[in-house]
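Trainee: Protein sequences appear in the order of chains A and B. Start counting the first sequence at 1; every next residue gets the next number (our numbering). Start counting the second sequence at 68; every next residue gets the next number (our numbering).
To be clear, the hints were calculated from the coordinates, so they are not data collected in a lab. Bear in mind that the values here come from a model prediction, so they are computed numbers and not experimental data. Where a beta carbon is used, it is the ideal one built from N, C-alpha and C, also for glycine. All clues stand as given, with none of them false.
Derived contacts from chain A toward chain B, CB cut-off under 10 Å, selection only: (1) Ala9; (2) Glu16; (3) Phe41.
Residue strings, one per chain:
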Amino acid sequence: MRLDCREAARLVLAGEDRRLRWRERAGLRLHLLVCAGCRGFVQQVALMRQALQRWRDDPTDPPDAGC
Amino acid sequence: MAEFAFEVQALRAQLLRFARLQLRNDDWAEDAVSETVLAALQAPQRFAGRSQLKTWLIGILKHKLVDQLRRHAREAGPRGGDDDADLDELLFRRGGHWREAPPSWGDPEHTLREREFFVVLERCVQRLPAAQGRVFMMREWLELDADEICTHLAISASHLWVLLHRARLRLRECLQQSWFDARA
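Can you make the complete structure from the sequences, with help from the hints?
Mentor: Structure follows, in structure tokens:
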């Protein structure tokens with residue numbers, strides 16, 4: 001399975017919501033080996049995941065929230 | 068007791084903020100928050116200082132939000148209108164390559180220490196189209212699994228995946244533009 005970046009990005013995001021199938025994981029891993037852009041995307045998605053977790057655990061009170 | 072009621076009321080605005088973010092409908096949000104406050108005032112003994120008052124109230128609110136979503140499934144569920152079929156066109160060239168390769172966002176710890184970043188994050192979630200925003204919040208904030216979301220909103224799994232995919236792509240775009248580009 002040879003992926004382009006659009007398909008790779010779709011799988012990276014799908015991985016946030018479901019467990020990828022073996023073939024999907026293998027295809028994605030192969031693509032990431034040769035694609036710096038998608039590796040960057042994976043890091044961005046990881047940051048979003050961490051950020052959302054912190055936001056959920058400790059909801060901020062935005063300064064402009066008022067009373 | 069009066070003091071407890073006062074403290075609960077003081078948190079109302081914050082609860083409403085989350086209710087609006089989740090439901091995307093001011094009336095439903097008001098209802099969910101009113102039910103939350105009422106439930107809290109009726110059973111203050113349950114609070115018993117187990118956790119911070121805000122955490123406790125948000126826990127109640129989450130249940131009330133699910134109730135609202137279920138009650139309004141017909142209107143809350145995404146129907147028809149494919150609002151951004153061409154989101155992919157914006158990000159990828161015809162051959163499936165990135166138009167613009169995702170740039171580095173730097174040290175995550177550095178970003179996550181910035182309080183202002185979370186304000187931007189919340190604003191970006193708020194900017195998601197309503198249907199995407201609802202399922203995204205159900206997934207990330209209410210922490211429901213896919214089956215539950217599909218059941219509550221009466222949508223198919225494949226529809227849910229499409230909405231979540233778009234929501235995450237949009238959120239990424241928004242963070243890029245509103246935070247990372249602005250800081251470059």
